[in-house]
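Spelled out, the chains give:
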Amino acid sequence: DGGITQSPKYLFRKEGQNVTLSCEQNLNHDAMYWYRQDPGQGLRLIYYSQIVNDFQKGDIAEGYSVSREKKESFPLTVTSAQKNPTAFYLCASSRKQGHRGYTFGSGTRLTVV
Amino acid sequence: AQRVTQPEKLLSVFKGAPVELKCNYSYSGSPELFWYVQYSRQRLQLLLRHISRESIKGFTADLNKGETSFHLKKPFAQEEDSAMYYCALSGEETSGSRLTFGEGTQLTVNP
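Residue numbers (my numbering), protein chains in the order written: chain U, 3 to 115; chain Y, 22 to 132.
Note that these hints are calculated values from the structure, not bench results.
A portion of the hints provided could be inaccurate.
Computed Cβ-Cβ distance ranges for the label pairs, DEER-style [stated by the list, open to error]:
(1) F35/Y <-> Q19/U: 42 to 50 Å
(2) T129/Y <-> P10/U: 29 to 37 Å
(3) Q66/Y <-> I53/U: 22 to 30 Å
If you want the footprint, here are the derived chain U segments under chain Y, 3+ residues with CB under 8 Å [to be verified]:
(4) 7 to 19
(5) 31 to 43
(6) 103 to 115
No more than 27 Å apart at the CA atoms, straight line, and that leaves these computed lysine-lysine pairs for DSS-like [claimed, not checked]:
(7) K98/U <-> K59/U
(8) K78/Y <-> K30/Y
(9) K16/U <-> K85/U
(10) K85/U <-> K11/U
(11) K98/U <-> K30/Y
(12) K30/Y <-> K85/U
Built from N, CA and C at the ideal position, the CB exists for glycine as well.
Next up, chain Y with everything else stripped away, as it sits in the complex (with noise of 0.2 Å):
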């Protein structure tokens, strides 16, 4: 079985500050790890995934396999990062490329 858990259901930080939105999962095998978030009014989109490396909009994240995170970061938070961020995982063993996603962190960046 596989399971996303985000412990943070609200966050809210100040403007330029750093900010650490935590996921941990439970999977057995090699997990492909995403990030989405939800923008105000507007769909779910991908943020990022483990496997590009990539940073997008300043966020980064790093697979941990040892600690079985991946938690996402920023280094300076700004107001239009307010959001619903969700961490999912697809499972190579699974059917298809079917998607886990944890419960979201709703991020507030106060002014």
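Isolated chain U, as found in the complex (with noise of 0.2 Å):
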């Protein structure tokens, strides 16, 4: 399945609620990263992470949190902060050095209700 598995692929959130997306990767990389993905404006960085027990805010961390706990598994959890959180959400890995390229997820498409 490409070597990077998000879940659920939907999700529905009630107002007020936090909610955690799942990314999952088996490809031995060490950079994992979630970006959010809005029609007319692109990929925005939202978290990334180097190393286990490591991760850095990226361009919209607002309402957002992450842990790396493991090497293979970056979760993210959308926050009753985050405003606006409808969204399409992808996660993507990569080696950390010498950039070749990201693997990215099939994606979850969260939906606040």
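Take the two lone chains, each set in its own frame, and fit them into one complex as the hints suggest.
Structure below.
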């Protein structure tokens, strides 16, 4: 399945609830990333991690949180503080050294109801 | 700061016609540029990198540092080229290998 798996494919959240999106990779990649994809705005970086137990904010980190307890896993939590959470979320991974491009997951579509 | 601009949100051409998807960037150092493609109902995937100077599916892209551009070209478009295309930049000065993406161009190749 391309080495990187996102689940679920579709997610519905009520206002005021936190929700966690899963991202798992078996590519032995060091770096992992979360992007948000909105029509007309391209992909915007939320958080990224180059190594286990370390991560950095991207351009739109407010209202989101992540953890990197295992090399294979980089879950994203969309908190109630995120003002406009309805979007398509993409996870990606890459080698840390010598950037050769990302491998992307198939995405999770989050809808707030 | 680094920025990638794709001036055309939509581009429509006829099959067999040449196609050029524009990408401009701003970055003070020496960047790595990429093109990614997303076909309908498929994952976003790497199309090509400037550093490898390769042609993939008939597409080429040349990095023009003077004009800060990395336009994607194909001499004869095919219907299967219809997709969303993203230009992306990785800067040597940024932390790790994070990519900055443009807004994307939706290419439609008409029969």
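In rising order, the numbers of the hints this structure does not comply with: Going through the list in order, the structure violates hints 4 and 11 and respects the others.
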